[in-house]
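Below are the chains, spelled out letter by letter.
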Amino acid sequence: MRYLKILEYALASLLRRPGKTCAILVVYTLMIVVLASVLFLTQALKTEATTMLAGGPQLVVQKTMAGRHELIPVSAVEKLVEIPGVKAVKPRVWGYYYDALTGTNYTLQGFDTLANELSLLNGRLPREEGECAIGAGVARSRLIHLQDELILIDYDNIGRIFTVTGVFVSAADLLTQDLVVMPEGPLRQFFGMPDSLATDLAVEVYNPNEVDTIANKIKRSLPDSRPITQSELLRTYHAVFDWRGGMMLALFSSALMAFCILAWDKATGLSAGERREIGILKAVGWDTGDVLLLKLWEGLALSLLAFLSGCLIAFILVFWWGTPVLGGILRGWSVLFPALRPTPFIDFYQLGTLAFLTIIPYVASTVIPAWRAAVTDPDEVMRAS
Amino acid sequence: MNPLIRTEEVCKTYHPRKADATQAVAGITMQVASGEAVVLKGPSGSGKTSLLSLVGCMTRPTSGRVIVTGEEVSRLPERFLTLVRRRTFGFVFQQYHLIPELSVRDNVMLPLYPERLSANEMGRRVAAALAEVELTGLARRRVTELSGGEQQRVAIARALVNEPRVLIADEPTAHLDSRLSTVLLERFAALKQAGLTLVIATHDPQVYTHPLVDRIIELHDGRLCKEGGA
Amino acid sequence: MIRSRAYLCLIAVLLTALAGLTGWAQKTSATFLADGLPARRQLVSVLSLTDLALWTEARYTRHPSMADLFSPFQDHPGAFDHFPAGSLMAPAGPRPETTMHIRRVAQP
Numbered sequence: 001m002r003y004l005k006i007l008e009y010a011l012a013s014l015l016r017r018p019g020k021t022c023a024i025l026v027v028y029t030l031m032i033v034v035l036a037s038v039l040f041l042t043q044a045l046k047t048e049a050t051t052m053l054a055g056g057p058q059l060v061v062q063k064t065m066a067g068r069h070e071l072i073p074v075s076a077v078e079k080l081v082e083i084p085g086v087k088a089v090k091p092r093v094w095g096y097y098y099d100a101l102t103g104t105n106y107t108l109q110g111f112d113t114l115a116n117e118l119s120l121l122n123g124r125l126p127r128e129e130g131e132c133a134i135g136a137g138v139a140r141s142r143l144i145h146l147q148d149e150l151i152l153i154d155y156d157n158i159g160r161i162f163t164v165t166g167v168f169v170s171a172a173d174l175l176t177q178d179l180v181v182m183p184e185g186p187l188r189q190f191f192g193m194p195d196s197l198a199t200d201l202a203v204e205v206y207n208p209n210e211v212d213t214i215a216n217k218i219k220r221s222l223p224d225s226r227p228i229t230q231s232e233l234l235r236t237y238h239a240v241f242d243w244r245g246g247m248m249l250a251l252f253s254s255a256l257m258a259f260c261i262l263a264w265d266k267a268t269g270l271s272a273g274e275r276r277e278i279g280i281l282k283a284v285g286w287d288t289g290d291v292l293l294l295k296l297w298e299g300l301a302l303s304l305l306a307f308l309s310g311c312l313i314a315f316i317l318v319f320w321w322g323t324p325v326l327g328g329i330l331r332g333w334s335v336l337f338p339a340l341r342p343t344p345f346i347d348f349y350q351l352g353t354l355a356f357l358t359i360i361p362y363v364a365s366t367v368i369p370a371w372r373a374a375v376t377d378p379d380e381v382m383r384a385s
Numbered sequence: 001m002n003p004l005i006r007t008e009e010v011c012k013t014y015h016p017r018k019a020d021a022t023q024a025v026a027g028i029t030m031q032v033a034s035g036e037a038v039v040l041k042g043p044s045g046s047g048k049t050s051l052l053s054l055v056g057c058m059t060r061p062t063s064g065r066v067i068v069t070g071e072e073v074s075r076l077p078e079r080f081l082t083l084v085r086r087r088t089f090g091f092v093f094q095q096y097h098l099i100p101e102l103s104v105r106d107n108v109m110l111p112l113y114p115e116r117l118s119a120n121e122m123g124r125r126v127a128a129a130l131a132e133v134e135l136t137g138l139a140r141r142r143v144t145e146l147s148g149g150e151q152q153r154v155a156i157a158r159a160l161v162n163e164p165r166v167l168i169a170d171e172p173t174a175h176l177d178s179r180l181s182t183v184l185l186e187r188f189a190a191l192k193q194a195g196l197t198l199v200i201a202t203h204d205p206q207v208y209t210h211p212l213v214d215r216i217i218e219l220h221d222g223r224l225c226k227e228g229g230a
Numbered sequence: 001m002i003r004s005r006a007y008l009c010l011i012a013v014l015l016t017a018l019a020g021l022t023g024w025a026q027k028t029s030a031t032f033l034a035d036g037l038p039a040r041r042q043l044v045s046v047l048s049l050t051d052l053a054l055w056t057e058a059r060y061t062r063h064p065s066m067a068d069l070f071s072p073f074q075d076h077p078g079a080f081d082h083f084p085a086g087s088l089m090a091p092a093g094p095r096p097e098t099t100m101h102i103r104r105v106a107q108p
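Chains as they are written, first to last, in our numbering: chain B, 1 to 385; chain A, 1 to 230; chain E, 1 to 108.
Hints may contain errors.
What the hints assert, rightly or not - The following label-pair restraints were derived from C-beta to C-beta distances:
| # | chain 1 | residue 1 | chain 2 | residue 2 | range |
| --- | --- | --- | --- | --- | --- |
| 1 | B | Thr-353 | A | Lys-18 | 46 to 52 Å |
| 2 | E | Ala-17 | B | Thr-353 | 20 to 26 Å |
| 3 | B | Arg-2 | A | Gly-137 | 28 to 34 Å |
| 4 | A | Arg-116 | E | Ala-17 | 31 to 37 Å |
| 5 | E | Lys-27 | A | Arg-116 | 44 to 50 Å |
| 6 | E | Thr-28 | B | Ala-54 | 15 to 21 Å |
| 7 | B | Gln-189 | E | Thr-28 | 39 to 45 Å |
| 8 | B | Ile-368 | E | Ile-2 | 27 to 33 Å |
| 9 | B | Arg-2 | A | Ala-139 | 20 to 26 Å |
To be verified - The list that follows gives simulated cross-link-like pairs (lysine to any residue, SDA-like), each with its CA atoms no further than 25 Å apart:
| # | chain 1 | residue 1 | chain 2 | residue 2 |
| --- | --- | --- | --- | --- |
| 10 | B | Lys-219 | B | Leu-71 |
| 11 | B | Lys-63 | E | Arg-59 |
| 12 | A | Lys-192 | A | Arg-179 |
| 13 | B | Lys-87 | E | Val-46 |
| 14 | B | Lys-20 | A | Ile-99 |
| 15 | B | Lys-217 | B | Glu-232 |
| 16 | E | Lys-27 | B | Phe-345 |
| 17 | B | Lys-90 | B | Lys-217 |
| 18 | B | Lys-20 | A | His-97 |
| 19 | B | Lys-20 | A | Arg-105 |
| 20 | B | Lys-79 | B | Lys-90 |
| 21 | A | Lys-192 | A | Thr-144 |
| 22 | B | Lys-79 | B | Ser-196 |
| 23 | B | Lys-20 | B | Arg-188 |
| 24 | E | Lys-27 | B | Gln-350 |
| 25 | B | Lys-87 | E | Pro-38 |
| 26 | B | Lys-217 | B | Gly-67 |
| 27 | B | Lys-63 | B | Gln-189 |
| 28 | A | Lys-18 | B | Arg-276 |
| 29 | B | Lys-90 | E | Arg-59 |
| 30 | B | Lys-217 | B | His-69 |
| 31 | B | Lys-219 | E | Arg-104 |
| 32 | B | Lys-219 | E | Val-105 |
| 33 | B | Lys-20 | E | Met-1 |
| 34 | B | Lys-20 | A | Thr-144 |
| 35 | A | Lys-18 | B | Trp-371 |
| 36 | A | Lys-192 | A | Ala-128 |
| 37 | B | Lys-90 | E | Pro-38 |
FYI, nobody ran anything at the bench for these hints, they're computed from the structure. Predicted model, so just to flag it, every value in this text is computed and none were measured. Glycine included, every Cβ here is placed at the ideal spot set by N, Cα and C.
Next up, chain B with everything else stripped away, as it sits in the complex (with noise of 0.2 Å):
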């Protein structure tokens, strides 16, 4: 009872300074929208692309040569295959194409015909020399739709007819949106690739456990490769959308500076005002403690109000609205975008830690200055005045 009725004097004495109190809670909200979408979109995205990679190869076995990245010779297959453990070795030709009509970078992959037809794809797979598929983004950027022709330009300067036979849907967009897929025949002939060489050999195993001594035994067999593991993949993405790196920490330490800031300019200049209230309440016969709970009420509600609403806001713009400023910047500066409309994922020990990095610094900026004036007889507060 006694805390209510001190958070309902806690409330009064916010609604007396209605501009001071509109401009913090719009601060902090506002670093609140900022912070949380961040963490939203992060947690979203690396949760969906870590789901839907493990789906991918194994392992993937790159060539180098002279330090760099090199096609690697098909003949190499035989080699791993007969590596225990080894279950199929795949070439892979796939290489990037710029575009340079609309400035626009694609990827084109090389599949195996034979592959079974895609639920998230309209149209069909292409089968033969002159047809291909392409993502949503390429068809967004070319104004081309399904069997209409796609024109290329090969790596002799001939341009290239293809009919695009299926356009992926844009709920795949995250996978496909820059793709151009087509056989691996015609897209060897396309770039001009030899057929003793591929770009690289995806490898499939057995035993998932055993992926990393296999990678040893790859490495060992061919010593100029380099062997990259799912779990070495993944871990490229978890460290991508991590939280704690790039853009986030910037992101967060800047809006967390502005903030101490505030906190700071909060805590080393109790207001002739405020200590004179403190004076008058502690002779009306308010405790020390009262006074502190008043502040730490003032505080806490300021925040617990900031906090949520600023949640809130974050999770609608970033799940519903297709977070319209953020994912600019996440997107960076290329042409193709993809639709940001993120799976939502959410983890609650990162939204706890939010709260906990930004509610108690500001109660505590709030209480702690109250302290030095609530620990003094009243009389002397009030004499100063």
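Starting from the known structure of chain B, arrange chains A and E on it as the hints suggest.
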């Protein structure tokens, strides 16, 4: 008769051990009986306000003892001292010390927040205190919109809302003209009639010559120089 | 006690809204894992994809896991020329799980 308040050789020095140390009260022994109206008289700087602070448990004496309702309060821990202050005394300050941005009602309610009272009981007590000073109609107004006399009545209502045994007033007529002073003293007389003990610090003749005053204690330079009936 | 009730109601409303959204998120993500994920895994496995098509401005942002960070004079992902995606992409760092023991071959 057992006195309600007693001080024994009480001293108060502000900023001790510093260059600007000032002894405001220098060994005063006095007492106030229940139901009495006592005036502390003296020129400004004579230690009236400091003595009021000591008597009202607003501060602790540097030496000597302050005894309220038979209990020595000068050595009590802060929480109990606050409790004694809240339950026994009501204060009317010279500057009123109201919180300007709050309404009359919220200002009067201030002493009730730390008490274990229901919202209804709080409302009832505030209404009663406001009725006592005839301010019921202004309850929702901000105190800054009120005249000086009205502000003082708010301060009196705040002092009375906790149903104290002693009303302490510091220069209550300092900001009032003689007509309003007369009204105020009538109000004090009525309160005394109702059983309240009054301790008033003043140098206004209109106050200490008023018939409600039982005893005058004269102070000079923090010392008691004369004590006697009105 | 009107203000504290109103405030606590507001907090309760916000908490309920957040709880509702969280529930929606749990449901949506569960649906994704149950229905959406198999189709995406099939896509990844058929095309043997290794990376997200999230940044298309540079090789190491398009395929961060395949990037040849080992090569000398490779652009550093923290370089400003690929700001801001480049600066989001903290370098994963050389943390190979595969290690190599090098031995000198005995002379015959």
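Quick rundown of the hints versus the structure:
1. B/Thr-353 / A/Lys-18: 46 to 52 Å: holds (47 Å)
2. E/Ala-17 / B/Thr-353: 20 to 26 Å: Holds - the Cβ-Cβ distance for E/Ala-17 and B/Thr-353, about 22 Å, lies within 20 to 26 Å.
3. B/Arg-2 / A/Gly-137: 28 to 34 Å: Cβ of B/Arg-2 to Cβ of A/Gly-137: about 31 Å, so the range 28 to 34 Å holds.
4. A/Arg-116 / E/Ala-17: 31 to 37 Å: Holds, since A/Arg-116 and E/Ala-17 (Cβ atoms, about 34 Å apart) stay within the stated range.
5. E/Lys-27 / A/Arg-116: 44 to 50 Å: At roughly 46 Å between Cβ atoms, A/Arg-116 and E/Lys-27 fall inside 44 to 50 Å, so the hint holds.
6. E/Thr-28 / B/Ala-54: 15 to 21 Å: holds (20 Å)
7. B/Gln-189 / E/Thr-28: 39 to 45 Å: For E/Thr-28 against B/Gln-189, whose Cβ atoms are near 43 Å apart, the range 39 to 45 Å holds.
8. B/Ile-368 / E/Ile-2: 27 to 33 Å: holds (30 Å)
9. B/Arg-2 / A/Ala-139: 20 to 26 Å: holds (23 Å)
10. B/Lys-219 / B/Leu-71: The hint holds at about 16 Å.
11. B/Lys-63 / E/Arg-59: Distance of about 17 Å is within 25 Å: holds.
12. A/Lys-192 / A/Arg-179: holds (20 Å)
13. B/Lys-87 / E/Val-46: Holds: B/Lys-87 and E/Val-46 sit about 17 Å apart, inside 25 Å.
14. B/Lys-20 / A/Ile-99: Given pair B/Lys-20, A/Ile-99 holds - Cα atoms ~17 Å apart, limit 25 Å.
15. B/Lys-217 / B/Glu-232: Measuring from Cα to Cα gives roughly 17 Å; hence the hint holds.
16. E/Lys-27 / B/Phe-345: holds (10 Å)
17. B/Lys-90 / B/Lys-217: holds (17 Å)
18. B/Lys-20 / A/His-97: With a Cα-Cα distance of about 23 Å, the restraint between B/Lys-20 and A/His-97 holds, given a limit of 25 Å.
19. B/Lys-20 / A/Arg-105: At roughly 24 Å apart (the allowed maximum being 25 Å), A/Arg-105 and B/Lys-20 satisfy the hint.
20. B/Lys-79 / B/Lys-90: holds (13 Å)
21. A/Lys-192 / A/Thr-144: Roughly 29 Å between the alpha carbons, so the hint for A/Lys-192 and A/Thr-144 is violated.
22. B/Lys-79 / B/Ser-196: holds (15 Å)
23. B/Lys-20 / B/Arg-188: Violated - the C-alpha atoms of B/Arg-188 and B/Lys-20 are around 67 Å apart, more than 25 Å.
24. E/Lys-27 / B/Gln-350: The given pair, whose Cα atoms are some 20 Å apart, holds under the 25 Å limit.
25. B/Lys-87 / E/Pro-38: Cα-Cα ~22 Å, so holds.
26. B/Lys-217 / B/Gly-67: holds (21 Å)
27. B/Lys-63 / B/Gln-189: holds (21 Å)
28. A/Lys-18 / B/Arg-276: Distance of about 24 Å is within 25 Å: holds.
29. B/Lys-90 / E/Arg-59: Holds, at roughly 22 Å.
30. B/Lys-217 / B/His-69: Roughly 20 Å between the alpha carbons, so the hint for B/Lys-217 and B/His-69 holds.
31. B/Lys-219 / E/Arg-104: holds (16 Å)
32. B/Lys-219 / E/Val-105: Since the Cα atoms of B/Lys-219 and E/Val-105 sit roughly 17 Å apart, the hinted pair holds (cutoff 25 Å).
33. B/Lys-20 / E/Met-1: It holds: about 23 Å lies between the C-alpha atoms, which stays within 25 Å.
34. B/Lys-20 / A/Thr-144: holds (20 Å)
35. A/Lys-18 / B/Trp-371: holds (24 Å)
36. A/Lys-192 / A/Ala-128: holds (17 Å)
37. B/Lys-90 / E/Pro-38: With a Cα-Cα distance of about 22 Å, the restraint between B/Lys-90 and E/Pro-38 holds, given a limit of 25 Å.
Hint check: violations occur at hints 21, 23; the rest are consistent with the structure.
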